[in-house]
Structure formats: structure tokens, C-alpha cells
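Undergrad: Each chain is listed here by its residues.
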Amino acid sequence: MTLLDIVLFLPLVAFIVILALPKTLSRTLALATSMGIFIVSLGLLAPFLGKPTSAVSFETNLIWIQSPAIRYHISLDGLGLWLLLLSTMLTPLCVLISWNYITDRVKEYYAFLLLLEFGVIGVFVSMDLFLFYVFWEVTLVPMYFLIGIWGHDRRIYATVKFFLYTMAGSVLMLAAILYLYSRAGTFDYPMILQLLSSGRLQLTAAEQLPLFLAFFIAFAIKVPLFPLHTWLPDAHVEAPTAGSVMLASVMLKMGTYGIVRFCLPMFGNAAHQCAPVIIALAIIGIIYGALVALVQPNMKKLVAYSSVSHLGFVVLGIFTFTQQGMDGAVYQMLNHGISTGALFMLVGFLYERNHSLEIKSYGGVANVAPVLSVIFMVTTLASIGLPVLNNFVGEFLVLQGAAIVSWKYAALAGLGVIFSACYMLWLYQRAFFGEAGEGVRHHITDINKRELLAIAPLVILMVWMGTGTSLFLKPITAVNAQILEQSKINVEYQVKAPPAPSAEPAPATTAAVVEVARAR
Amino acid sequence: MNQFYTPTDHFSLLPALLLALFGCAILMLDFFVLPHPRQKRWLIFFALLGEFFAGLALYRQYRFLEDQSIPALRAFSDGLIIDGFSIFFNAIFVAAAVLVAIISYRYLEVEGEHHGEFYGLILLAQCGMYFLASGTELVTIFIGIELMAVTFYILVGFLRSDRRSNEAAMKYLLLGAFSSGFLAYGFSLLYAITGSTRLPKIAAELAQRPATDPLLLLAIVTTLVGLLFKVGAAPFHMWAPDAYEGAPTPVTAYLSVASKAASVAVLVRLFLGTLAPHRINWEPMLAVAVVLSLTIGNFSALSQTNLKRLLAFSSISHAGYILLGLIAGNRTGLTGICIYLFVYTFMNTGAFLVLISLRQKGMTGDDIDDLNGLIHRSPGHALLMALFLLSLGGIPPTAGFIAKYYIFLSLVETGHYALAITAALFVAVSIYYYFRIVRAMFLNEAGQLLPALPGWGARVGFAVTALATLAIGLYPEPIIRFAGTSLLR
Chain A
1 MTLLDIVLFL PLVAFIVILA LPKTLSRTLA LATSMGIFIV SLGLLAPFLG KPTSAVSFET
61 NLIWIQSPAI RYHISLDGLG LWLLLLSTML TPLCVLISWN YITDRVKEYY AFLLLLEFGV
121 IGVFVSMDLF LFYVFWEVTL VPMYFLIGIW GHDRRIYATV KFFLYTMAGS VLMLAAILYL
181 YSRAGTFDYP MILQLLSSGR LQLTAAEQLP LFLAFFIAFA IKVPLFPLHT WLPDAHVEAP
241 TAGSVMLASV MLKMGTYGIV RFCLPMFGNA AHQCAPVIIA LAIIGIIYGA LVALVQPNMK
301 KLVAYSSVSH LGFVVLGIFT FTQQGMDGAV YQMLNHGIST GALFMLVGFL YERNHSLEIK
361 SYGGVANVAP VLSVIFMVTT LASIGLPVLN NFVGEFLVLQ GAAIVSWKYA ALAGLGVIFS
421 ACYMLWLYQR AFFGEAGEGV RHHITDINKR ELLAIAPLVI LMVWMGTGTS LFLKPITAVN
481 AQILEQSKIN VEYQVKAPPA PSAEPAPATT AAVVEVARAR
Chain B
521 MNQFYTPTDH FSLLPALLLA LFGCAILMLD FFVLPHPRQK RWLIFFALLG EFFAGLALYR
581 QYRFLEDQSI PALRAFSDGL IIDGFSIFFN AIFVAAAVLV AIISYRYLEV EGEHHGEFYG
641 LILLAQCGMY FLASGTELVT IFIGIELMAV TFYILVGFLR SDRRSNEAAM KYLLLGAFSS
701 GFLAYGFSLL YAITGSTRLP KIAAELAQRP ATDPLLLLAI VTTLVGLLFK VGAAPFHMWA
761 PDAYEGAPTP VTAYLSVASK AASVAVLVRL FLGTLAPHRI NWEPMLAVAV VLSLTIGNFS
821 ALSQTNLKRL LAFSSISHAG YILLGLIAGN RTGLTGICIY LFVYTFMNTG AFLVLISLRQ
881 KGMTGDDIDD LNGLIHRSPG HALLMALFLL SLGGIPPTAG FIAKYYIFLS LVETGHYALA
941 ITAALFVAVS IYYYFRIVRA MFLNEAGQLL PALPGWGARV GFAVTALATL AIGLYPEPII
1001 RFAGTSLLR
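Which chain is which? The protein sequence lines are A and B, in order.
Residue 261 in my numbering is what sits at position 261 of the first sequence, and the numbering runs on without skipping anything.
Just add 520 to the spot in the second sequence (first one is 1) and you have my numbering.
Only chain A is shown next, with the shape it has when bound in the complex:
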């Protein structure tokens, strides 16, 4: 049993314990256990810290079902590492922000939150396609209830829509997984990759495209990519704050993670083939999301649409098939998790005070809640990609990757950055500056210690990830280089030699790029 097994199953244990003990204890218990899980999960950093390695660690490979062989195969690499840590870090913060807000069915609420953490961690560490699918579905159930029970007025509509969209995508993925099994004879993902790279398993072009699409659509719905995004604003607006945070910061990343982890290495040719269309959709998403966010009267909806825009950057970066673009995309996944998570938290704080999400019922908040306003400002700046803060690095790398492919992509996507400044700053201006109205003066108080505790780690990370980039980027770069190499296996079966475990030049380039970027 490795540390990763422990980190994976602790949330499940916590889930059971919370359900078993009386509900007066639930809150404290949830905080204590989720904090404990986070601290334990920090131990996972040890093999990765500052090392540009694409090797996997903490591998456990056991038989779960004998025939057809389904394995409990989990391991961790640089790609899953940060997303896992993001999940374990956000869970205690979500407990904190729900502390007083959730008064109804407290026990179930925290139990579902921990169950969600279990599912999400499972998604990021599964190395068996079947196991991955199981965890992928497991995350749906707690989220369905988190939105459906503790959400706002139209919660039922939103949660059903969320569930059906995701489910429709994922059953297709299941069909594709089964097809792969029938071809490869195994669900074990590293094994499949090995078969592919050695040429013993050859997928024809006619096979690759449907398989790629089945996987990609399931992931694209989750991301969400432009025409499939309509569930997202509803789900976000109706979800309780912690639900929004988990949804935006972690669950959307399951989609982009899936694309990087599965779509590119297995179906490299189909991915290359579809790239122009997907890039176009991503760019449409970037601009469309930003423009729609601009006209939203509802703060949460605004942040939700900004997510569509930001996630467009991630997809764009992935499908440039450049080291910089991929690094930027993965980095942007983390950035989005932190800055958008923080934005949802802040909007949640405002909502708890004034019970309104409409921008027009605010105004002049800066006068009555200075600390809150400063934190909101920092988060806003991070979100629009100000240098020294985290988003800048990711967006810069993505744009650079896009520019390598075509300057038009970069130019169009760059528009999104400008728009994002417009809608975020305009939101800030309308909500925080000006005369404080009657409602604001009566209801809005400054941030309290508990809330500060919840948001402070995110603010610190915004600065840290904006300045200490190489620490975070090194393990990612190495894995991305490997995935890029795997995605180049040719459809005409001019099979390349299996890629060397650690590609030398790529990390150096990216690190240099980051240095340059920061110097500006």
C-alpha cells in the first residue's frame, strides 16, 4: 500500500465516518479529515519536487476483476500530481466557506463533499480505463445532490441538465473503452500505450476517428467546449458556493485532463486531424464566453461564462501540439482552478451577506468592506492575466504555442484576454466602486477570519504560481513532452521507436520561455 492509496481512500473513510456519527459533529469532522487528507497528500510531492521527471510514482497494480482483467491500477505523475493536490487543497476550503451557509441536512452535505473528493482523486490517478470510467461516474452522483439539494431556486433544472449532459457523453466513452478492450485485450492504460508504440496494436484511421470523438466529446462536455457548454452557467448559478468551487476548479479539469491523458497519446492522428476544428471551437469559446460574460447582470453567471472563455485557452493550448502550448494548457488548468475558485468564493461571500447575485444590487462595496475588496481586486487581476500573477504565465505560454502554429490563432485568442479585462474590471467597477447603496451599507460587512482563512491560500498561490513558475512547471513539462512524443505515432504505421523516458531539450525551452516572460 502506497501513500497514494491512502490519499485516495481517506476521503471514502471520511465519508463513511461522517455519515455514521451524529450531525453535530459533521462540520468539524469534515474540516479535520479534509485538512488531514491535504496534509497527507503533500507527502506525494516528494518524488516530483523540482525534478523534470516523467516517471510515475506510487504505483499500485492489483487485479480487481479476474476476467476480463480489470485492474486496480493507480499511479501518479506530474500531470495528475498538481490536479490531485488542487482537489485535496480545495476540499477543506470548501468546508470552511460552507461553515455557516449550510444549515440544512448538514451531515449529508459534508459527506457528499468528501465523496466528491474521493471520486475526483480517483479520476486523476486511475491508470486502468475501466477504473477511470468508474471514478468518472462516481463524481457525478455527489455533484448531482450538492446542486440539487443545497442549490438555489432553479436547482432541479440545473442539476438534471448537468447530469444528463455528462452522462450522454460518458456512455459513448464507455463504448469506446470497450472497443479498445476488444482490440487491445486489456484495460490497462500503460499497457495499451506500450502496445500502440511498439506497433503490436494498430488502429486504422477509420477506427481512430470514432474512438477519438467518443472520448473527446465526453471530455469536451465536461470542459466545456463551446457548443456543449450550455449546462455550465445553469449548474454554476444554481449550485451552492462550495459546489461551484468544486465544479469550476476541479471537475472541469477532469475534462481537460482526460484530453491530455487519453486522447492525445492514444489517438494522436485523429487528434491532429481534428485539431483545426477543435482550435476553431476553442477560439469561438474564448471570444463567445468573454462577450457573453460582458453582458451578464448576474455575477455568478459572469464568472461561469468567464470559465468557458478560460477553458477555451486550455483546449487551444492542448491542440497546438507544441510544448509551450501544452505546458500553458496544463498550467492554465491549475490557474483557472485557483483564480476562478477564488472568484466563486468571493461572490459567495457577497451573496451570504446581501442575498443577491445581481450586480446592480451592489455598488460601493469597497467603502464598507475594504479587505474583501482588495482580495477581490487581486483575484480579478489574476483572472485577467496580469504579469506576476498566475494566469499570465499560462496564457502567455498558450498564446506562444498558438503563435507557433499560426499567428491568427494567437491574435484571435489574444482578443479574449482583452475582453476578459473588460468584463472583470467592469464588474469590479460596478460592484465595488461608487456610492454604497442602502442595501450594501446595511448588509455588507468586511471579510471575517474564517473566510480569510479560506481565501488566503488561494491568493498566496496566485502570487506564488505567478513568480515561482518553474517549481510547478517542471514535472508537467516532462510529462507533456512524453505525451507529445506519443501523439506522433503515425497512422501509416511508420512506428517510431518508443520515446526516451525524459526528453532533454523541451523542459529547457519552456523554462527559458518562462524566464523571458517574467523578465518582461
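Any given hint could turn out to be false.
Below, a list of computed lysine to any residue pairs in the SDA-like style, where the Cα atoms sit at most 25 Å apart [to be verified]:
| no. | chain 1 | residue 1 | chain 2 | residue 2 |
| --- | --- | --- | --- | --- |
| 1 | A | Lys449 | A | Thr204 |
| 2 | A | Lys107 | B | Gln824 |
| 3 | A | Lys107 | B | Lys721 |
| 4 | A | Lys161 | B | Gln824 |
| 5 | A | Lys161 | B | Asp889 |
| 6 | A | Lys161 | B | Pro917 |
| 7 | B | Lys721 | B | Leu903 |
These aren't lab readings, by the way, just hints derived from the structure by calculation.
A quick note: this is a predicted structure, and the numbers were derived from the prediction, not measured.
Please arrange chain B on chain A, whose structure you already have, making use of the hints.
TA: Quick look at chain B alone, frame taken from chain A:
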């Protein structure tokens, strides 16, 4: 004598004999020994005793096959067969009958229709199912089907003072008799073509016939129609919603689980065994029936407000999924059918059990709205129902997912991609209506229904069904092995 009723014959017939004996004995006991209403409870113990002995006889058959390590034991000169397949299906019947017996007790009390013959009829129906799972002779199979069907006609109309129950029984009887006619016609044609009623001989004869033989085609069509009716697959499903809705809820559970499994057993034996060489004739027909079942079952369930009708339509779609395994027809498909039926027994009975335990005098609890806010009134029931519905929908890590997974896998293995994708998409549709129930229980405001009354039968039933649904989902290995060994033929 030694030719007529050998020890082997006795050994292979024993479970059915015991079931028939206990079934008839219950009818007698009810009438002569325990006529007082308060003594009825002893009858259920007697029925369980009968199940115990029948189960024991089955287990001895199982041990015998294992110890001798022979794949099958034939008796009555090819009239009956004891193999892993028959034992697996009979195990399903025992489980279903025991569950139904223990959950019926309180239901019948509430309805004021507690008559001893109920338990007797359950055993007799199971006796009929025994011949469906082990019979390899057309007349034996037909008698088994009729024994099962006739007892079900009575069971469906068991609530004598309830008009809906009577109506349901009438409809079921009329349509059932009609379909039996089809089946008899098909069987007689098979006999006419081959000159034998024994399946091994029929198989040998049929292998000689050309696939284009019109007589054979007619035989296949009529047999298939008759059996699809019994399974409750579209387009011969019309009886199902009415019968399910009107029947006493435990009978609905029994009907949807055991009767379906028994008919599938016959379908598998006939179509994967005897008629396998003529797959080219029946596969398209079966495929059409499957697609129709999935479509009609799932889309009709979307708009239902009555829970029993909703589950009826969902069971039509489940019949579709099960028959998909037959279309695939390889080893995985067969394993898939076995696992699906086994799992379905528990999850579906569990879902009906929740409805039963919510039922009170004068309050049916059959509408989805009746479950509103169940989580506030009886959280345990709501959570259990959610578990069963998740499993019916096929969401991991529940048992229903494992079952669907096997079916899909078999389709992909045999290259039926279009069917696999259709079936997969219908999973998403089914999630919608299953989650309508979940939504009512968890998300809607509380209704006025009283909390459920606990009872020992319900407790045991819940423990068994919930445990099976979860345990098979989390660790399916034993059941997969059990289903796998049942197919060594």
C-alpha cells in the same frame, strides 16, 4: 422400471418435486389445518422450508456436477438436463421466490387479502420455472410455461376486491393465452419439421435444413413471438404495464424478475443451442425486437407518473438489454445475460420492496409524487431506493453497471457496434427517468405520506437486496466466476 424412472431421473427432478409438494401442501394446510387468519404466518415459514429443501436439492445437483466434473447430466431420455446453466437460473428463482415470500407478508396484511394459497402459488410458479431452465423437450418446456403462466394469472388478480387487479389479471390472461397459442404453434411446427420433441435431436435435424426453408422460418417466427411475449419485450409488451400496475406489488416484483429470467432461459437454450445454425434467420428479428424494446421502454417510461408503470416500462427496456446478450451470442454475452438477470433480481426486487414498505391501508404510494421529500420522512428508504435506481440505471459502482458492462462488451466483441452505441445512448435516457424518482425523494418538498413502517420481512429483504447490489458492484469476481462456470458446455 429402470427405464422409466431411474435414480438419475429422480435426482434431476427432485427440486421441482419438492416445490410442487410443498406448494400443494400449503394449499391443504391452509384449508384444513390452519384456517384461522392469525395462523397464516406459519404458512410463510412452511413455504420458506420448501424453498430450503429445494435449494438443498439444487445444491446437491451442483456438488454432483462439480465432484464428477461432468458438464451436464441428462435425464428422462433427454427430457431434462442438469447443467451449470440450469442450476444458475434455478438459483435466481430460489432467491426471487424467497425474497417475494418474505416481503409479501406485510403487504397482504395491509391489503386484507392474506390467504395461504399465495405462498403455495409462488412455489408452484417456481416449479414451472424449473422446467423452463432445465427442460430440453418441447412439451416439458410448454407445460412449464403454462404452469408458470397460469399461477401468475391468479397471482396478478390476487387482490379480489380491487378492480385494477382484476382488470390486470384479465388482460394478462387474454394476451397470455394468445401468446401461448403462438408458442404451441411454433413448437408443433418444430416437431413437424424434425419429427422429435427433444432438443438435441431437433438440433441435429435442423442442422441439415437449408436456412431458406419457409416452414422453418415460420416455426422460428412463431416461437420467437411467443417467447418475446413472455419476456415482456416490445412489440409484445402491451400486457406488461397494465399487469405490473394492477398486480399486488410483490407479484409485480416476482413477475418482472423470475418470470422474465425463466423465459430468457428458454430463449437461450432454444436459440443459442438448437436454433444456433439458423442465426441468420432469427438475429435480424431479435435485433428489431431489442431496438423496439429499448425505444418503447425508455421513451414511454419518461412520461409515467405511476411508479409501478414506470418500472414496468423500465423492465421492458431491461428485457432489451438482456436480449442484446443473446444477439451477441458469444461467451461474454451469455455470461452477461446470467449476471444481468442475477443482478436484476436483487435491484428490481429492492426497488419494489421500497414501494411495498411505503404502502399503507388506503394509501397506495404508487405515484412518483407520493415519494416527495422521502429523505425527510424515512431517510433509510430514500437512500436504499436511490441505490437501487442507480443500479437500474447502470451507474458504477453498483451491480447494474457490471451487468450492462458485460452486455456492451459482448456486443463490441462480436462487432455489433451500432447496437452497442444505441444501447449506450439509451442508458442516458433511462438515467433521466430514474433520476426523476431520485429527484422527487431528495429534492422536492415533503409530501403528506406517513413514514414507512418497519417490518422484519422488509428488513431482511432490504439487507439482502442492498448488500447484493453493492457487493456485486464493488467485487463482482465471485458472481462472474459462478456465471462463468455455469456455461461450461
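Undergrad: Each hint should be assessed against the structure and marked as holding or not.
TA: Outcome of the hint check:
no., hint, verdict
1, Lys449/A to Thr204/A, "violated, 59 Å"
2, Lys107/A to Gln824/B, "violated, 33 Å"
3, Lys107/A to Lys721/B, "violated, 64 Å"
4, Lys161/A to Gln824/B, "holds, 19 Å"
5, Lys161/A to Asp889/B, "holds, 21 Å"
6, Lys161/A to Pro917/B, "holds, 22 Å"
7, Lys721/B to Leu903/B, "violated, 52 Å"
The structure is inconsistent with the numbered hints 1, 2, 3 and 7, although it conforms to all the rest.
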